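These protein sequence lines map, in sequence, to chains A and B. Add 18 to the 1-based position in the first sequence for my numbering, that's all there is to it. Add 82 to the 1-based position in the second sequence for my numbering, that's all there is to it.
Calculated directly from the structure, the hints in this document are not laboratory data. Fair warning: this is a prediction, and the values are worked out from it, not measured in the lab. A few of these clues could be false.
[Unchecked claim] Result set (DSSO-like, lysine-lysine): computed pairs, CA atoms no more than 30 Å apart in a straight line: (1) B:K92 to A:K47; (2) A:K42 to B:K112; (3) B:K132 to A:K176; (4) A:K134 to B:K132; (5) A:K223 to B:K92; (6) B:K112 to A:K250; (7) A:K42 to B:K132; (8) A:K250 to B:K162; (9) A:K50 to B:K112; (10) B:K112 to A:K223.
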Amino acid sequence: MKYLPVVLALLIAGSAIAQGGSAKADYDKLVKEFQATTEAYSAKLKAIRGTDEYKELSKKARARDAGSTEARSKLRALTSAVQRPRPADWAEKFNAGAEKYAGTDGAVPYLVWLAKTRGHDHASSALDTIAAKHAASAHVADVVDMFSVLGRSVGRDKVRAVATAIIENNTNNQIKANAYYGRAMNWGELEGRETILNDEEKAKKAADIAACIKADPDSIAALRANAATFIKERLQIGHEAPDIEGKDFDGVSFKLSDYRGKVVVLDFWGDW
Amino acid sequence: MYPHERSLVKRLANKPFALIGINSDKDLAKLRPRLKEENISWRSFWNGPKGTGGPISAKWGVRGWPTIYILDHKGVIRFKGPRGEKMDKAVDQLLEEMGTSGN
């Protein structure tokens, strides 16, 4: 029976792999279901809004006359025919996944989803679990991006605690850079709100910014962390504009400096 | 905003002028038909799949869209932020400095 421990070890390893595999498959399936439900809802809503009846009622509702109140309630009746997917309902499903795979790395994507998604009661405890058990996981990459936003929903102290746990336990430099940046932002905005910080907080923030840039100088977090300095030193009126290298919509590389000799309007834009 | 940009690009088609975008849309497949619809002919850098979280806007510290910089023919930043008529005036002033009036 001297092989028994080896056999047992293999069995355990095998089941762990199987569980890891199915955790990901389960998670991907749930995300797809959620997306499909959300898209189906949007499509139905769009269809309703495209009907002549809806357009006619919208006109009446905007008219601000005696009939507009009635028109508004009719509009509501039309759109309430389709049920909006409630984040709270979906959070229960993601929470069930997190509980099913509790303690394994497979739980992390579920916890990250819960932490990132608004409109339910599990975000705060998901962040606690991430900080306590999963701060070293590679899957936390998707939540460190969100720290500046999360502060508003779950509170700054919580975000700071999660960032600190990730900084202390995670070995991925890009994730660490992001966590440092998140914690730096947590001390106060990088620009404009400097004055509300006391000296100790200012020093901690400066240290986090320096640590972020050092952890992964090429990361987007490091670029952001350095942006206030970059604006001050490189982007003032009278400065020669820093070059930009990138690709256009056809994938063709070009540089801003290709346009030297011309007056250039540089427009950071988006179609929204 | 597109109508103003279109008219600026059209008016200065034969001048030493370029409108260069840094586009922060996440999804190029969704953007492509919009480029046709809106007749967006000017060239843009694409900020990548992270959209407003992409590398170019991160480096330049851009937090609001649109953000405008106007450079003279030597590549020096001369104006930050002008839109509409103020943008037209700024560009015309820089073209005049070069000896090529916008009108």
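Results of checking the hints against the structure:
1. With a C-alpha separation of about 49 Å, the suggested pair K92 of chain B and K47 of chain A falls outside the 30 Å cut-off, and the hint is violated.
2. Between K42 of chain A and K112 of chain B the CA atoms are separated by roughly 28 Å; this keeps the pair inside 30 Å, and the hint holds.
3. For the hint pairing K132 of chain B with K176 of chain A, the CA-to-CA distance comes to about 25 Å; that is within 30 Å, so the pair holds.
4. For a cut-off of 30 Å, the pair hint linking K134 of chain A to K132 of chain B stands: about 16 Å separates their Cα positions.
5. Restraint check for K223 of chain A and K92 of chain B: not satisfied, since their Cα atoms lie roughly 47 Å apart, outside the 30 Å limit.
6. For the given pair, K112 of chain B sits about 35 Å from K250 of chain A by alpha-carbon distance, which is inconsistent with the 30 Å threshold.
7. For the hint pairing K42 of chain A with K132 of chain B, the CA-to-CA distance comes to about 23 Å; that is within 30 Å, so the pair holds.
8. Note on K250 of chain A and K162 of chain B: the hinted pairing holds, with a Cα-Cα distance of about 13 Å set against a maximum of 30 Å.
9. With a C-alpha separation of about 20 Å, the suggested pair K50 of chain A and K112 of chain B falls inside the 30 Å cut-off, and the hint holds.
10. For the hint linking K112 of chain B to K223 of chain A, the alpha-carbon distance of about 39 Å lies beyond 30 Å, and the restraint is violated.
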